Amino acid sequence: MFYNQPAGTTKPPLDREALRDVIDLALWAGQLLLQYGAESERIEQTIHRLGTALGCDWMDILVSPNVIAVTTISGDEFRTKIRRVIGLNVNLTIISAINRLSRRVEAGELDRFGVRKELDRISKIRSHYNRWLVVTMVGLACASFSRLFGGDAAVFAVTFFAAAVAMVVRQELSRRYFNQFLVVIVTAFVAGVLASAADLLNLSSQPETALAASVLLLVPGVALINAAEDLITGHMVTGVVRGIVGSIISLSIALGLLLAISLMGVRGL
Amino acid sequence: MNVALLLLVLEDALWSALAATGFAMLFNVPVRTLPGCAILGAVGHAARTLLMQMGMSIEAGTLAGATLVGFLGLVFARRWKTPSSVYTLSGAIPMVPGALAYRTMIGLLKLAEAAPDAAALMLADVSVSAIKTGLILGAIAVGIAAPSLLFFRQRPLA
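Protein sequences, first through last, are from chains A and B.
Position in the first sequence (from 1) plus 180 gives the number in the working numbering.
Position in the second sequence (from 1) plus 30 gives the number in the working numbering.
The shape of chain A in the complex, shown without the other chains (with noise of 0.2 Å):
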């Protein structure tokens, strides 16, 4: 008997095939989790109510950045296996996509098969939104955002204009495999250098606001919320390093405007 093992637990042991691909199973659920943006705590729960509810006694489960390790274990017999994790863009689809097949096989409706099939349906999801679609909403997005901050109309559009643009650099930049701090820096530097408009065409009282604004799509809103999260929740090791992670890439935000700005010789913020 393990130590962690429930009291009187009363299901049948599962041989080593079993727990092969049960553990299997849960590895590639908690890969996607953690590949596309889920804060620790959900990712343990996750894959912890997958194995229970395929027929683990028990899992055991190490969230750490880029490794997922999981040991599973019923009666007697155990198994362990770590997972290679790398960060993706962060795609909350797929998130909620898990999260209900795991209720799925708690319910009981899905069994080994089933989930692997599943899991290979979830794995191709891809963007519902057209690429167009999503430059344009976040070319508004971050319009809005220097509306918050004070500006005016000009601002506004010189914004959008930038914002949108810097938009496209990113997503042609990272589809070419650019490092993502290198990706970070460019396409703030090409932000920063449209919304310098805003200051030289003498566009409004306010041309700083543009700057602010249109690189705001760079921020790494939700690695820092995660790190926060995992913090208070426990995690530390992955919440201190999504913590340095989002760190960096703010520092890139500021080389690639800082570099812009002084190359524009425009007002800086």
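What the hints contain is simulated information worked out from the structure, not anything from laboratory work.
It should be emphasised that the depicted structure is a prediction, and the values quoted were computed from it without experimental measurement.
The following residues of chain A were derived to be distant from chain B, with all beta-carbon distances above 10 Å: (1) Ala-198; (2) Asp-204; (3) Arg-259; (4) Ser-303; (5) Arg-355.
From the structure, some residues in chain B lie toward chain A, with a derived Cβ separation under 10 Å: (6) Glu-41; (7) Ser-46; (8) Ala-50; (9) Thr-51; (10) Leu-56; (11) His-75; (12) Thr-79; (13) Lys-111; (14) Val-116; (15) Gly-128; (16) Ile-136; (17) Leu-138; (18) Lys-140; (19) Leu-167; (20) Ala-169; (21) Ser-178.
Every residue, glycine too, gets a C-beta built ideally from N, C-alpha and C.
Since chain A is already given, all that's left is putting chain B on it; use the hints.
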């Protein structure tokens, strides 16, 4: 409540909703959750603006706004069967101190070439923005985690 304040808060809500929607699309939220994300973005940020107009600090206002987002996110999550973080993450985005975060970094970079007598003042400035960034982020996280911290506590998995 006077009319000018009401108008200010309503305009604030409109722009925040737009900002939250744009980022929600960037995060690829399920299409049916978009209205919920927009509403939470508007409610959270507008509540913070209202409280700040009434004299509250930005940190305390953020905590209140984010707590509202956290609980409303839970209501929306039950209503539309989606994890609450879809709503709370998108809804919190307008409150994220993005500009403050990179202003801190710009200040740090400028310190490198500052004259010695100006450096002390600039360092104080940088520290204040760094502390504010941290506090506001913490307030957002505590706020949106409030429902699970207060009411939906779970036995740790160990």
